[in-house]
Amino acid sequence: MTPYIELSNGQVALAALLIVINGVVSVSMGLRLEKTLAIASVRTVVQLSLVGVVLSWVFSVDRWYVVIAIASLMTIVAGFAAAGRSKRTFPGIRAIATTSVWSCAWLLTGYVLLVVFSDLPKWYEPQYAIPLLGMVLGNTLNGISVGLSTLTESLMRARDQVETLVALGATRWEAAAEPMREAVRTGMIPIVNSMMVVGLVSLPGMMTGQVISGMDPAQAVRYQIVIMFLIAGSSALGTVSVVVLSVGRLFDVNHRFRIEMMRSKPKQ
Numbered sequence: 001m002t003p004y005i006e007l008s009n010g011q012v013a014l015a016a017l018l019i020v021i022n023g024v025v026s027v028s029m030g031l032r033l034e035k036t037l038a039i040a041s042v043r044t045v046v047q048l049s050l051v052g053v054v055l056s057w058v059f060s061v062d063r064w065y066v067v068i069a070i071a072s073l074m075t076i077v078a079g080f081a082a083a084g085r086s087k088r089t090f091p092g093i094r095a096i097a098t099t100s101v102w103s104c105a106w107l108l109t110g111y112v113l114l115v116v117f118s119d120l121p122k123w124y125e126p127q128y129a130i131p132l133l134g135m136v137l138g139n140t141l142n143g144i145s146v147g148l149s150t151l152t153e154s155l156m157r158a159r160d161q162v163e164t165l166v167a168l169g170a171t172r173w174e175a176a177a178e179p180m181r182e183a184v185r186t187g188m189i190p191i192v193n194s195m196m197v198v199g200l201v202s203l204p205g206m207m208t209g210q211v212i213s214g215m216d217p218a219q220a221v222r223y224q225i226v227i228m229f230l231i232a233g234s235s236a237l238g239t240v241s242v243v244v245l246s247v248g249r250l251f252d253v254n255h256r257f258r259i260e261m262m263r264s265k266p267k268q
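First residue of the sequence shown? That's 1 in the working numbering, and the numbers climb one at a time after it.
Mixed in with the good hints, there may be bad ones.
Stated by the list, open to error - Distance ranges between label pairs, derived from CB positions:
#, residue 1, residue 2, range
1, P190, D119, 42 to 48 Å
2, S103, R222, 42 to 48 Å
3, P91, P190, 26 to 32 Å
4, N254, R222, 50 to 56 Å
5, Q161, I225, 40 to 46 Å
6, A167, V20, 54 to 60 Å
As the list claims (entries may be wrong) - Once the Cα atoms are required to be at most 30 Å apart in a straight line, the calculated DSSO-like pairs of lysine-lysine come out as:
#, residue 1, residue 2
7, K265, K87
8, K265, K122
9, K87, K122
Calculated directly from the structure, the hints in this document are not laboratory data.
A quick note: this is a predicted structure, and the numbers were derived from the prediction, not measured.
Ideal Cβ positions, reconstructed from N, Cα and C, are used throughout, including at glycine.
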């Protein structure tokens, strides 16, 4: 089997030329995304380069508290990003999103590290813990952000119905049941769609990287199956968590819908 190719900075620069395609599309169609594309490209290079430096240091230090610190920072960023993607906001949305991401991603990643990968010499093995958590956070973030946006929009559309049900004696959970179901269902759609076509239409990045690095394809497939189920479970739990916590925030103890708390974000 051919060993993986060590890429030089020049080869990476050649690959970076592909972003010109996006620029041409933007200019030709008048999308006005040139500046955004340039910023995104620079951020991609800088952020990933910094990650490479940090991970090299973390692997060499090999201390549990360093892994926990890095994982905590990643989780906080993911929680804030999830809250920031919602079209509407309300007081406490960042705390709710971060709590949901933190609890679900860490719980299920911990399960995989301690139970599924039980042969690991250390529970905090940086080579496994940080990449696994990173993949889980990224996908859970997507589910949570979609769930949040759907919930707030659904509650706004169903305001009259929700308030009528509350007036008739329904609890907040009964009044908001349909918007909650819609939000959870929508939040789970991305990972379900990914699972439907994985291996047929797309080869996930982790599996591709392992195969390129020389791992037996059968082993790479097993790893990817574990990752897909881990992501699916965390996305589902994260979406349910953020929806439940948000409804608890948007309704008071008397089950009154506090619609005045929600406000639309200004258009960029």
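Results for each hint:
In this structure the supplied range 42 to 48 Å is violated for P190 paired with D119, their Cβ-Cβ distance being about 32 Å. Hint check: S103 to R222, Cβ distance near 27 Å, so the stated range 42 to 48 Å is violated. Under the hint 26 to 32 Å, the C-beta atoms of P91 and P190, about 27 Å apart, fit the expected range. One distance hint, 50 to 56 Å for the beta-carbon pair N254 and R222, holds here, with the actual separation near 52 Å.
In this structure the hint that Q161 and I225 lie 40 to 46 Å apart at CB holds, the actual value being about 42 Å. The beta-carbon spacing between A167 and V20, approximately 59 Å, falls within the hinted interval of 54 to 60 Å. Restraint check for K265 and K87: satisfied, since their Cα atoms lie roughly 6 Å apart, inside the 30 Å limit. About 44 Å separates the Cα atoms of K265 and K122, which puts this hinted pair outside 30 Å; it is violated.
For a cut-off of 30 Å, the pair hint linking K87 to K122 is broken: about 41 Å separates their Cα positions.
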